Amino acid sequence: METNGLEHVIEVTGLRRVYGGGFEAVRGVDFTVRRGEIFALLGTNGAGKTSTVELLEGLAPPAGGQVRVLGHDPYTERAAVRHRTGVMLQEGGFPSELTVAETARMWAGSVSGARPEREVLAMVGLGSRTDVRVKQLSGGQRRRLDLALALLGDPEVLFLDEPTTGLDAEGRRDTWELVSALRDSGTTVLLTTHYLEEAENLADRLAIMHEGRIAVTGTPAEVTANEPSRITFDLPDGYHLGDLPPLGPMGVGDHTVDGRTVRLGTRDLQRSATELLLWARDAGVELGRLDVRSASLEEAFLTIAKDASAPEDNGVTTEEYAA
Amino acid sequence: MSIATTTPAGRMASLARAELTLLGRNKGALVAGLFVPLVLPLSVRSAAEEMDLAKAGLTPGELVLPAAVGFSLLFAVYSTLVGVYVVRREELVLKRLRTGELRDAEILSGAALPAVLTGLLQCLLLIAGCAVLLDLSAPSAPHLAVLGLLLGVVMSAALAAATASWTRTGESAQVTPMPLMFASMLGSGMFVPLELFPDRLASVCELLPLTPVVTLVRGGWTGGLSAGDALGALAVALAWTAVAVFAVRRRFRWEPRR
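Going down the list, the sequences are from chains A and B.
Just so we're aligned: the first sequence equals residues 40 to 362 in the working numbering.
Just so we're aligned: the second sequence equals residues 102 to 359 in the working numbering.
Just so you know, the hints here were simulated from the structure itself, not pulled from any lab data.
A hint or two may mislead.
Within a straight-line C-alpha distance of at most 16 Å, the following computed EDC-like cross-link-like pairs (lysine to aspartate or glutamate) qualify [said to hold, decoys possible]: (1) B/K196 x B/E356; (2) A/K174 x B/E192; (3) A/K345 x A/E250; (4) B/K128 x A/E136; (5) B/K196 x A/E130; (6) B/K156 x B/E296; (7) B/K156 x B/D300; (8) B/K196 x B/E207; (9) A/K174 x A/E130; (10) A/K174 x B/E191; (11) A/K174 x A/E136.
Between beta-carbon pairs, the in silico distance windows are [to be verified]: (12) A/A220 x B/R352: 41 to 47 Å; (13) B/V344 x A/H47: 55 to 61 Å; (14) B/V344 x A/G60: 25 to 31 Å.
Residues from chain A that keep clear of chain B, each with C-beta distances beyond 10 Å, as calculated [as the list claims (entries may be wrong)]: (15) Q105; (16) R222; (17) L317.
Bear in mind that the values here come from a model prediction, so they are computed numbers and not experimental data.
Think of the CB as a built atom: it goes at the ideal place given N, C-alpha and C, for glycine as much as any other residue.
Next comes chain B alone, as it looks inside the complex (with noise of 0.2 Å):
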């Protein structure tokens, strides 16, 4: 054939471009996704006058920023992807694609690329704010927190696969990313850092998904991350990509339950 055949960056190029036309269209998802993660650092940062961060060894900067990421991520990629893949089987856009050239894989990835792009510019915008409000400083060890963030945001993106596999319609899309946002609120350091919690339950709380992202952050700025601390934090952020992706091939459905 000598026709234009498609290739798999074309194709997903298509799809994106689509999906970043209908998430400017979606004010919901536009609030959640735009601007909670630009205003939740600012309670964070209130948070940090009460806490005795020189215990930790942290600047507030170096305390807001990551829990920034972690934010961006949870609003602007991981929950924005669960409602997106939900409503697209719903729609019965899946099952469409899909009998096209498009891969499965190609489906997931294009449809994730507007809001994995979205998170990561706010990521750079949030790291800008902090450096002009916070007085934060240049990173210490910038391919720590470069490798934290591309994690990141892949995990993130793998595990809103994930978790549609789990849930049914748009309505329980608004539920079902709770568990993991809450939980990566509280536990992955982004309020309070691992350094103040009890040793047991901050070894329980390096194994949530976001933990990793946030100490690689963090250690990037502060250049206080040891070797083998960050390829833990490595491992732990591989593990839960790997689950996330072997979940969406075993479980992901492509067209609603009748």
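So that you can see chain A by itself, here it is in the shape it has in the complex (with noise of 0.2 Å):
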């Protein structure tokens, strides 16, 4: 079997999903995910990545394109790629009254090389509540109890749908935690999140996607290459925009000014902030709340969810930086 590291072990083309109402929900979706990496797959409710999901889950064909998962079609060749893959769904769904362990057990029973359950249990921090039915549980436990079901098999390739919806901020970085180690050990994973810290501590490659479409995808860094980095700060009373230094020549490319709140976008972060701290101190001018950040995905994030909904809508923009 093919076993360098760059196979690629989920392969999608052109893929179309078209609802019984005739709503298209995926509209011609591209990329790969290479054996042992992250792939998140990003975006706003309703931008279509469940609907992606799924049907690399094999639930369902597509309406068009095609899907790839370890070589074979998930939809007409389960049999060759059910008992290596693992799935989370974004809801899950458990009998509300069998207990955690039943429950596993229940799964185990179809599972191809199912692991000890209670291992796989304690692996995700429930294994002092095997006892306890799914329905006493709270939310994010029910989600973690999807992940050790999904993880029953050491399936080499993961889905995970919204893994951490609901999980508070310590198990969602224990899920981290796990995640990353699974990958470490040469799990594939391809998950989806509306949580950009998510993408950004865990993913190696991602896609945003944007009303069924994919708008960007790349490493984190390639994606928000592109994004201006941002120094946002408050003006003192008797200050205006006009009184800063002119703004092209510290390297600033748009701006605007919402009260006295001055937000300037730069691909220059350090010389922009050196200047205007330079300013600041030579005029003996405090800024408020000033803020200093790195482009980020949120930035890349909203760039798109503006783009698409309002492309005229500029504000006061003084220059559109070209993606």
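Join the two chains into one complex using the hints; note that each chain is given alone, in its own frame.
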């Protein structure tokens, strides 16, 4: 079997999904996921993330295009794929009257090469809750039970649809550590999330979906490379934007003013910040709530949403960055 | 892959085991499925006293036992399973199961096993009960009775999945099985043998799903069923099963409507 590190474990080409009412949720999506990497699908609610992942899981046939998971069509060749994948749906489904242990035992009976249930339940932190009925679990505990079942068969490919929704900060961090460890041991992970922080922390590569299409894809660094860094501050009373030094020579590409709050966009954060701070010191001005931050996924995300919803609504932006 | 690969039987067994646990924890289903089919035959027994059974050539036991089998199939298998399928769908259990190695038919069959076995066990109990209380003799054509019983449980499970296809919520699952249950109780020869019906009505009622089961079980005991009538009953039961399976393949919904 092919084992080189660059093997494409998931290949998606021209993927489309149309629901019964005619709504086209996925409108031509292409991406590949390599063995042993974490790939994140990001997007607002309704962007088509879950609709896409369900096609990769083999729950439905695509309306168009092609999916290959481990070299096979997950829908028509399910027997070749299912015992090598683990799935965590966006909303897990377990009989509410079964205990955690009974649920895991039921699932283990249909998983090839299942690991001992107790071991996997302990991995996700449910080791002390095995005799509790599912209906008595918190939302976060249910998510972790779902994750445990997805991991029971030591899958080569793991699909996680919003794995940390409903988890508290600590649970979220635990899940991140677990998923990173799985990746390090060779598991390929495709996850969806609407937490940008999660994608930034976990993903080797990501794609941002918008209205059924992939708007941008790459490593987190590549995706944010096209975005400006941001400097935000409040000017004291009596000062106006015009009192600042000329913005262009400072490296500032765009700016917005909202009351006293000024937002500058720059591709040369160090130069712009230095010039701004030197001006403030020389002028004896205190910049309130000063915030200087590098380009982030959030920026990329907002740009995509803004471009799509209102392309002409640029406010007082002085210059558009071509992506 | 040298690791322990699952088999269809193993997968269904683990699902059936979980469903059996769930059945044991569902008081409503337990009463309806276990208790009712043991009590209702008593009302058939009292109805039998007001009937001219000799005209139909039947002993009281030969009226009550097929009816009891019918009640068992309707309550312990059919209506119980409609509830199971609909509630598991609402809980998103069916959708979750479909992401794994279980195939669609294995999910529906595995989930049906506890109810099917309950129904069969109940029928054996009822036969023993009729033998002791109603002096029911040994069956003259046991193969017909066995055939009727097995066809009956398979058809009831298939009809339950078909009914679940048209049932949206757990609450409506209390109602949607009723048409078939009432039609069967009135028209399938459970309370009143079809021999006592007007001819034209009787020939329509022979086409109801549960009629062939009642006919075969009764014929198994009396031995008075001709080969042609037995084949006819067999054909009706198989046709209903085929229709139900076809409907499930076309219409069964694996997740709730949003």
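Structure-based check of all given hints:
Note on B/K196 and B/E356: the hinted pairing holds, with a Cα-Cα distance of about 6 Å set against a maximum of 16 Å. Distance restraint check for A/K174 and B/E192: the Cα-Cα separation of roughly 11 Å lies within the 16 Å cut-off, and the hinted pair is therefore satisfied. A C-alpha spacing of about 12 Å is found between A/K345 and A/E250, which places the hinted pair at or below 16 Å, so the restraint holds. Annotation: proposed proximity of B/K128 to A/E136 holds, straight-line Cα distance about 12 Å (limit 16 Å).
Restraint check for B/K196 and A/E130: satisfied, since their Cα atoms lie roughly 10 Å apart, inside the 16 Å limit. For a cut-off of 16 Å, the pair hint linking B/K156 to B/E296 stands: about 8 Å separates their Cα positions. With a CA separation close to 14 Å, the supplied pair B/K156 and B/D300 stays within the 16 Å bound. Proximity of B/K196 to B/E207 is assessed by CA-CA distance (about 13 Å); at most 16 Å being required, the pair is judged to hold.
Restraint check: the Cα-Cα separation between A/K174 and A/E130 comes to about 14 Å, which is no more than 16 Å; the hinted pair holds. Note on A/K174 and B/E191: the hinted pairing holds, with a Cα-Cα distance of about 14 Å set against a maximum of 16 Å. Pair hint A/K174 plus A/E136 holds up; C-alpha atoms about 6 Å apart against a cutoff of 16 Å. The supplied range of 41 to 47 Å is met by A/A220 and B/R352, whose beta-carbon atoms lie about 44 Å from each other.
At roughly 45 Å, the beta-carbon separation of B/V344 and A/H47 lies outside the given 55 to 61 Å, and the hint is violated. Between B/V344 and A/G60 the C-beta distance comes to about 28 Å, which sits within the given range of 25 to 31 Å. With a least CB separation of 20 Å from chain B, A/Q105 remains clear of the 10 Å interface cut-off, as annotated. Taking the minimum C-beta to C-beta distance to chain B, about 21 Å, the non-interface status of A/R222 holds against the 10 Å cut.
For A/L317, the condition that its CB be more than 10 Å from all CB atoms of chain B holds, with the nearest at approximately 57 Å.
Violated hints amount to a single one, hint 13; each of the other numbered hints is respected by the structure.
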